[in-house]
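Asker: So the protein lines, in turn, are chains A and B. According to this note's numbering, the first sequence holds residues 1 to 201 in order. According to this note's numbering, the second sequence holds residues 1 to 119 in order.
Warning: the hint list may mix true and false statements.
Unchecked claim - Pulled from the structure, derived: some chain B residues nowhere near chain A, Cβ distances all over 10 Å: (1) D11; (2) L18; (3) R26; (4) H27; (5) P28; (6) L42; (7) K71; (8) H73; (9) P75; (10) D76; (11) A77; (12) D88; (13) A96; (14) A112; (15) Q117.
As the list claims (entries may be wrong) - If we take Cβ atoms under 7 Å as the criterion, some of the chain A residues that face chain B in the derived model are: (16) N116; (17) N120; (18) A127; (19) S171.
As the list claims (entries may be wrong) - For each label pair, taking beta carbons as the anchor points, the in silico distance ranges come out as: (20) D25(B) with G144(A): 52 to 62 Å; (21) D158(A) with S116(B): 46 to 56 Å; (22) R91(A) with P28(B): 18 to 28 Å.
Keep in mind that the hints were calculated from the coordinates and are not lab data. These numbers were taken from a predicted model, which means no experiment stands behind them. For every residue, glycine included, the Cβ atom is placed at its ideal position computed from N, Cα and C.
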Amino acid sequence: MLEINDIQRDYITEVLNISMGSAASVLSEMVNEEVALSVPEIDFLQRNIAANKFDQTSESKMSGVTQSMSGALSGDALLMFPEEKTLSIVRILLGESVSVENLTEMEQEAMCEIGNIILNAVVSSVANILEQEIVSSLPRFIKGTGKEIYAVDAGNEDLVMFIKVDFGLESQSINGYVTMMLNVDSLQNFMTQLDEQIHAI
Amino acid sequence: MAEKTVLIVDDSRVSRMLIKSVVVDRHPEWVILESGSGDEALTHVGEAIDLMIIDFNMPGMNGMMLSEQMKAHYPDAHISMLTANVQDSIQQRASALGIGFEKKPITEAKIANIMSQVE
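Isolated chain B (complex conformation) (with noise of 0.2 Å):
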């Protein structure tokens, strides 16, 4: 199995932890970068990824703006927003911009769900 670049970004550490968890689990040769905010997630532009678990109310630019631009850095990449903002208008600016929804709470079948689209 390839191995692939996952990048999870959300301000809670505890939601790292429990997406990290996930991940680790079922592929422990996947290589997993973190980021607590939007600006710390764009350091890591350039770096080979596969995969983005992004979530939406963070401090700074929230998750829609950073995928925006990611989804223009890394137009083959996955991406899905993480939320619990469970909004139809949240919803609606997601399916625009072509990315994934998964609503939280973070369960071990949502992270298995999104990991999917890359497996």
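Just chain A, with the same shape it has in the complex (with noise of 0.2 Å):
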């Protein structure tokens, strides 16, 4: 089982720290208002039990974009909303010139570059900070609990680094999350790269 120290642990939060903070700053330009972040939760865990786990964490059903991400990390990056918020976010992104019926037509888009923009903004600037390149896979629109959205059936005990940062947009009382989940055979890699820049501090 893969292990991470304290010091490595710290690390991949300041790392994840940055990365999340460019997300917010392009999402922050996006809908022109701060964005409030927590600090990234991570853990080591089996797929199905980290499917579980974000089930738990959110009370309805989410709606949102994933990417996979292949090369220096790979895995897969979701951003997820309440569904029922959806619109909105895509209202505050296209302005109020889009008509309501037009406006529905292009949920699944807007989400779409959105998401492409948000996810690109962290997955890019972890691929900058560990002088790498990574992948990332055109968005998909998902939609569903966390265990439909992972498609994980109960028996997937693969190991997955997961990672969860929530992220509140205050006066359109609008949260959401970004989380990863990278793939441990991919993570020896990650993890060597860090002990090397660790080192070089």
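With the hints as a guide, bring the two chains together.
Answerer: In structure tokens, the structure reads:
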């Protein structure tokens, strides 16, 4: 089982803080207001347990966007909002010029683009800190509970590094989450890279 | 003011809409061509194009491959990559190719900045 020591955990948290910071800054640029961020939670979990954990923390069905990563890190990144808030988010992005009918029609596409921008900001920032390249797939729109979204069956016990950060837009009372599930086989390289950077400090 | 032709290449219709609205606001006389992919963009080769605003992550050919080809066809046009993928490696490739680079999200100021290259 892969384990991380305190200094590695501290450094990963810092890498994520910086990366989520750049995602928050692009989100704030899109919605024109400050975005509040939580401290990243990092756990090594079996995939099925991670999905359950996600389900417990979200009270409602969620909708959002997922992108797969490969290269220096492999896994999935997700951006999630409560399902009932997506139209408000799309409205903020597109402004008042778009009619309600068009807004509903464009909901998925607009969410994909929002997800693309935010998730790429996180992934690009991690890649830049690691001085490596991470390739992200095209964004895909998703809907459902944690378990449905992660599409796991109870038997999937693959170990993943599960990362979760909450963010909020106060004036719109919108809360969302960014999560990453990183495949452990790609983490060895990630940890080596982190150790090199920690030693260089 | 001279009329210009802008080619907007982005697989996201929403992004194309946002870019287009800024271009139209500033220069209603400009001609706007839109493509949802690199292959579709290449069908415009031969037409007069002054400015290209190209996304990086697209199905099929990515924006960098498209920009390389467009650069060969249009050595005098201004090409700017406008992308959410802000990795240093991508920015370095754009700079080596001699094209502009702007980070998404799309804002009026960023599009105006790209447009100023040909105004």
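Asker: Work down the list of hints and note, for each, if the structure agrees.
Answerer: Hints, verified against the model:
no., hint, in the structure
1, D11, "violated (7 Å)"
2, L18, "violated (8 Å)"
3, R26, "holds (16 Å)"
4, H27, "holds (18 Å)"
5, P28, "holds (16 Å)"
6, L42, "holds (19 Å)"
7, K71, "holds (22 Å)"
8, H73, "holds (26 Å)"
9, P75, "holds (28 Å)"
10, D76, "holds (31 Å)"
11, A77, "holds (25 Å)"
12, D88, "violated (5 Å)"
13, A96, "holds (15 Å)"
14, A112, "holds (15 Å)"
15, Q117, "holds (22 Å)"
16, N116, "holds (5 Å)"
17, N120, "holds (4 Å)"
18, A127, "holds (5 Å)"
19, S171, "violated (18 Å)"
20, D25(B) with G144(A): 52 to 62 Å, "violated (39 Å)"
21, D158(A) with S116(B): 46 to 56 Å, "holds (50 Å)"
22, R91(A) with P28(B): 18 to 28 Å, "holds (26 Å)"
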